[in-house]
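Once you've looked at the hints, dock chain Z against the given chain B.
Residue numbers (the numbering used here), protein chains in the order written: chain B, 1 to 216; chain Z, 217 to 432.
Hint data in this document are derived by calculation from the structure and do not stem from the laboratory. In this text the structure is predicted, and so the values were computed from the model without any measurement. Mixed in with the good hints, there may be bad ones.
In silico SDA-like cross-links for lysine to any residue, where the CA-CA straight-line distance does not exceed 25 Å [claimed, not checked]:
{"no.": "1", "chain 1": "B", "residue 1": "LYS173", "chain 2": "Z", "residue 2": "GLU341"}
{"no.": "2", "chain 1": "B", "residue 1": "LYS65", "chain 2": "Z", "residue 2": "GLU390"}
{"no.": "3", "chain 1": "B", "residue 1": "LYS173", "chain 2": "Z", "residue 2": "ASN345"}
{"no.": "4", "chain 1": "B", "residue 1": "LYS173", "chain 2": "Z", "residue 2": "ASP353"}
{"no.": "5", "chain 1": "B", "residue 1": "LYS145", "chain 2": "Z", "residue 2": "SER315"}
2 protein chains.
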Amino acid sequence: MTAFEKGTLNRVRVATRASYDQDTVFSILDQGLAAHVGFTDHDRPVVIPMIYGRIGERLYLHGAKAARFAKVLGGGVPICVTVTLIDGIVAGRSAFHSSMNYRSVVLHGTAALVTDPGEREAAMEAVTNHLMPGRWDEVRPTTAKELAATAIISFAIEEASAKARTGPPNDDKEDYDLPIWGGVVPLQTVYGAPEDDGALAPGTELPDSIRKILSG
Amino acid sequence: MTAFEKGTLNRVRVATRASYDQDTVFSILDQGLAAHVGFTDHDRPVVIPMIYGRIGERLYLHGAKAARFAKVLGGGVPICVTVTLIDGIVAGRSAFHSSMNYRSVVLHGTAALVTDPGEREAAMEAVTNHLMPGRWDEVRPTTAKELAATAIISFAIEEASAKARTGPPNDDKEDYDLPIWGGVVPLQTVYGAPEDDGALAPGTELPDSIRKILSG
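Isolated chain B, as found in the complex:
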């Protein structure tokens, strides 16, 4: 079991809910759809939702070269990326013991603009396949013009922690006698039936990438 080192940034206060195990961190990252990317711009914190891809211990983000995130994060600044999966609402018998069940990872690193053409292409493939596994090989190849308009930001995961809450509420002992419901309402993110855009070339079928996400 490989673990991320506990540092000043990633230490979780409630130890029973924390994990620094790489497999746990990567598993949550790989299940997430959007990351919340935090950085500092003109001395103010900024958090934006972004899609992402992972290659080993490195995370990749991409977007329009003209976007603020690219201008700021391309400059080699600290970045924090958080991915959260919500698993349920925890209804305790008191407000104090009500909560959510979730799994989250918080990553810290130093962002940099990726300039190497090979790494840029690998990153775009990782981001595309993160949402739809294998999609990169199904789509029309990326053009030089598209590549030129795309900024790729990457960082090595320097510190990481996973945090999770599972199970029923931990109510106060005496509250179990009260006629108040206690338990969990599970939450799940589910895919609906794919909706083609009504402009498919004749004979075009649903691709393997989408079949794969639908079959879970």
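This is chain Z only, laid out in the frame that chain B set:
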């Protein structure tokens, strides 16, 4: 239609995807379950998932007094809170035109510790009812000890913007001739059947708050 002013922090680059309308911002906030809260700690950006509540133009967060967020945000520092609802995966015929459908809000403000007892209680009610409407009146009242252990952070929404992407991919004209599937795979967050904790007092029924979220 009341709008948030466009400032230096909340201006969205792609104007067609942006809204500064209060109703739009509040509607996304009210549908979200977790917020991603960004602040700066020791010169590093930090993003943590938190539950929240809204009263008018003011957002409330709560947590253990001992937690880092309470110590940092209680000091009157800049805060950025982002809530994202993911509506679908957009499968374009190229990687470049693949994306997600989503609605998000980014809020900026200055965080402060709430100390007024009445406002603290109203905030806890708002946070509790945000996840389960009406739950505050169903649960065992909060004790003085619980109140003492809870930090409430609040900020007035100084700048806000909503951003959304909807609809099918916007593929390049010539790509529609390719035998590549284009469309959207919808995504939805759904509640499962409530699971009580097996320790209900005799005769305890599912409360209205949970019936309400289940009926949508």
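Any of the earlier hints contradicted here, and which numbers? none
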